[in-house]
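Line by line, the protein sequences give chains U and Y. Under my numbering, the first residue of the first sequence is numbered 6, with each subsequent residue one higher. Under my numbering, the first residue of the second sequence is numbered 76, with each subsequent residue one higher.
To be clear, the hints were calculated from the coordinates, so they are not data collected in a lab. Hints should not be assumed to be uniformly reliable.
Unchecked claim - Quick list of in silico lysine to aspartate or glutamate cross-link-like pairs, EDC-like style, CA-CA up to 20 Å:
| hint | chain 1 | residue 1 | chain 2 | residue 2 |
| --- | --- | --- | --- | --- |
| 1 | Y | K163 | U | E451 |
| 2 | Y | K316 | U | D438 |
| 3 | Y | K177 | U | E465 |
As the list claims (entries may be wrong) - To spell it out: a stretch of chain U is covered by chain Y in this simulated footprint if at least three of its residues, at any positions, have a beta carbon under 8 Å from a beta carbon of chain Y; those stretches are:
| hint | region |
| --- | --- |
| 4 | 326-334 |
| 5 | 386-392 |
As the list claims (entries may be wrong) - Just the calculated beta-carbon pair ranges, DEER-fashion:
| hint | chain 1 | residue 1 | chain 2 | residue 2 | range |
| --- | --- | --- | --- | --- | --- |
| 6 | U | S34 | Y | R107 | 20 to 30 Å |
| 7 | Y | G334 | U | V414 | 29 to 39 Å |
| 8 | U | L165 | Y | S86 | 46 to 56 Å |
| 9 | U | V482 | Y | N142 | 58 to 68 Å |
| 10 | Y | L101 | U | V219 | 55 to 65 Å |
Values in this document were obtained by computation on a predicted structure and should not be read as measured data. Think of the CB as a built atom: it goes at the ideal place given N, C-alpha and C, for glycine as much as any other residue.
Letter by letter, the chains look like this.
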Amino acid sequence: MNKPVKPIDLQLEDDGPLYVAQKKVFPQSVSGTYRRIKWGLMAFCLGVYYLLPFVRWNRGLGAPDQAVLVDLPNSRFYFFFIELWPQEVYYFTGLLIVAAITLFLMNSVGGRIWCGYLCPQTVWTDLFYAVERLVEGDRRERMRKDAARGTMKLQRFSELLLKHSIWLMIAWWTGGAWVLYFNDAPTLVKQLVTFQAPMLAYIWIAILTATTYVLAGFMREQVCVYMCPWPRIQAALTDEWALNVTYKYDRGEKRTSLKKANELRTRGEPVGDCIDCYQCVAVCPTGIDIRDGAQLDCIQCGLCIDACDVVMAKIGRETRLIGYDNDINIHRRQAGKPPVYRVVRPRTVVYSAMIAGIGAVMLYALLTRTLLDVNVLHDRNPVAVKLSDGSIRNAYTVRLLNKRGFDRVIAIDIDGPVNAIVHVVGADSVTPDRPMIILARDTTTELRLLVTAPAANNPEKSTPVNFRVTDIGLGEVASATDNFVTP
Amino acid sequence: MTEHSDFDNVSGKTTTGHEWDGIKELNTPLPRWWVITFYLTIVWAVGYWVVYPAWPMLWSHTSGILNYSSRAEVAVDLANLEKIRGDKMVVLGAAPLAEIEKDPALLALARARGKTVFGDNCAPCHGSGGSGTKGYPNLNDDEWLWGGSLDQILQTIQFGVRSGHAKAHESAMLAFGKEGVLKKDQIVTVANYVRSLSGLSISAGYDGSAGVKIFTDNCTSCHGDAGKGNQELGAPDLTDKIWLYGSDEATLVETITNGRAGVMPAWVGRLDPSTIKALTVYVHSLGGGK
């Protein structure tokens with residue numbers, strides 16, 4: 006790619022050409038280990054994405070039975086046995102942190118594993134290329150057809166129509182699956198088919214259909230090269246031990262055609278294994294030459310490894326001329342030393358420890374989180390009220406959270422000023438000193454609670470008061486502390 | 076139009092011809108779709124000028140073909156809100172006062188609505204939480220001039236106190252000093268008697284029997300024989316710990332000399348009946364309600 010350009014070929018403009026044309030990439034089909042891995046991961050990722058909304062999970066009567074559901078109107082998130090409220094969104098924060106560090110770990114072990122195998126951009130682009138190959142034929146055919154695009158024949162036209170139709174169907178299905186995560190999937194599918202779904206659902210499907218179609222069908226490697234920040238970040242995160250898809254130039258150079266190589270060998274002259282067949286370039290989905298070394302445009306999908314292996318096997322040379330390797334080992338081999346691979350090193354250990362640590366904290370927080378909670382807010386104005394008999398009263402707004410899927414009866418006890426009386430506005434207590442309240446299932450109840458300290462026991466200064474909420478049936482307890490203020 | 080003939084041998088690219096201390100800038104053009112997108116955003120921006128309000132004129136601005144106005148949007152939203160609220164407020168308006176407090180949903184609605192209305196209309200005098208100040212009663216305590224039951228609070232809010240409304244609470248305290256009913260020393264004596272009713276300290280030289288006599292002759296008709304007050308007349312209980320204007324001798328002397336006649340406007344006609352109902356429940360639920 007660094008071939009000198011003759012000045013005569015340049016566009017004659019004031020400040021040079023304003024843009025570079027998108028180079029056309031026609032990846033050739035290939036088979037091998039990494040292609041199989043990519044097919045497998047693609048099937049898994051897309052399978053999970055498209056089918057997960059249909060998985061059911063019984064949560065009891067009145068609760069949604071969708072395993073994974075983002076219930077925006079009721080602000081609840083359901084994930085199998087987990088139900089999260091909006092204030093628990095920090096679990097997602099934790100999850101995102103773990104995801105980021107996992108990305109770092111992957112990167113320090115095996116380079117751009119995310120980019121090459123798991124990134125939605127890669128997965129969908131790969132799928133779209135597969136469709137393209139199926140309809141239009143392999144690399145050579147597509148190149149030929151593209152070169153002859155000036156003379157559009159009916160067959161070519163129908164081919165393109167078919168390709169874009171399939172692309173649009175996949176794109177539409179992608180958008181369709183997205184909205185299913187936000188609504189009961191079977192119901193929404195029925196509504197969508199009968200055109201009775203909410204407008205918003207159609208709008209979102211349209212948006213995601215458009216993005217999928219454009220990003221996977223047209224933008225492709227441009228997204229990775231020009232739009233995505235990750236290649237820039239990962240370049241700063243990598244180190245010399247990380248395994249990357251590498252052309253082992255110690256073995257490959259000097260590139261020589263098969264015929265000439267045999268000739269030179271018989272004469273005892275040094276020759277490389279690379280026969281300059283350009284198969285690695287032909288299969289590359291970003292259209293680069295891996296032999297130029299590690300580069301931003303390389304998403305490290307491993308397809309060039311497969312392509313090269315096929316050729317090496319055919320000509321009876323050792324495979325993995327291109328493979329997961331690093332410069333350290335290239336230099337070691339050049340110096341006649343055996344290669345060393347160090348997966349366990351400070352960087353990977355620290356990343357793993359961070360993942361384990363944050364994961365453990367999150368798991369602990371999730372397992373020990375309370376399904377009954379109480380928050381207390383002291384009245385701001387007035388902070389304290391003197392009653393006619395000289396007793397002092399403080400008022401509190403008490404917010405009770407019942408995260409269980411059933412109604413429950415709770416009792417409120419306070420531990421504060423001596424002989425203080427607690428009263429809930431609007432609730433006629435059966436037990437005068439211990440108000441009992443029914444908390445509706447999966448909801449928040451707000452109460453106005455009055456605490457009165459009798460004149461004889463008026464505290465001289467502010468004293469802490471503890472509000473203890475007890476589930477009469479289950480014995481679950483939650484508590485909150487505030488202050489009892491004197492005027 | 077200059078030709079880019081300056082060629083960088085290391086990178087194999089041409090340069091822009093710009094040079095700083097021998098360092099030359101490589102000619103690295105943007106991708107075509109990027110440039111096109113950039114121009115499209117400019118074209119798109121022009122669309123805003125046409126569709127939305129954009130250009131300031133001398134006294135106004137261009138309104139755009141959509142005639143969009145954020146102010147009009149707010150008006151529509153507010154109208155919708157009133158519509159939604161309307162249905163709920165009808166339910167609230169139909170429910171008896173005592174039932175509202177027993178129904179958690181209605182109570183929550185009445186408290187929420189009441190709190191807003193209180194903040195808009197009542198807080199200037201009674202304070203944001205109904206905490207009151209000198210001359211304006213604290214609505215959180217259990218001392219009520221005109222009664223603290225739901226019905227009594229409703230009555231007071233509807234018609235006010237000395238508001239000029241036909242049904243308003245009218246009676247006021249006589250200005251005993253100004254009107255010449257009591258002399259200065261008599262006022263001081265009865266002020267001390269009043270202090271003694273709630274166990275407050277009494278100044279030296281106070282004549283107890285004179286105090287009782289003056290009180291019996293002048294005050295009991297409203298405040299009662301024992302000074303317990305009378306909610307029919309808005310006469311406060313003088314034996315408790317709550318003082319609307321203050322319990323020190325000087326303040327009491329001022330009160331007895333000039334009388335007291337606090338005013339509260341009538342809200343009927345200004346607020347709709349169901350809003351007044353919500354306000355009643357809110358005030359009652361502050362804690363002092365009977």
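Structure-based check of each hint:
1. K163(Y) to E451(U): 19 Å, holds
2. K316(Y) to D438(U): Violated - the C-alpha atoms of D438(U) and K316(Y) are around 25 Å apart, more than 20 Å.
3. K177(Y) to E465(U): 35 Å, violated
4. 326-334: That given contact is violated, which follows from only 0 residues of the region 326-334 of chain U lying within Cβ reach (below 8 Å) of chain Y.
5. 386-392: holds (count 5)
6. S34(U) to R107(Y): 20 to 30 Å: 28 Å, holds
7. G334(Y) to V414(U): 29 to 39 Å: 54 Å, violated
8. L165(U) to S86(Y): 46 to 56 Å: Because 38 Å falls outside the window, the suggested range is violated.
9. V482(U) to N142(Y): 58 to 68 Å: Since the Cβ atoms of V482(U) and N142(Y) sit about 59 Å apart, the hinted range of 58 to 68 Å holds.
10. L101(Y) to V219(U): 55 to 65 Å: Because 30 Å falls outside the window, the suggested range is violated.
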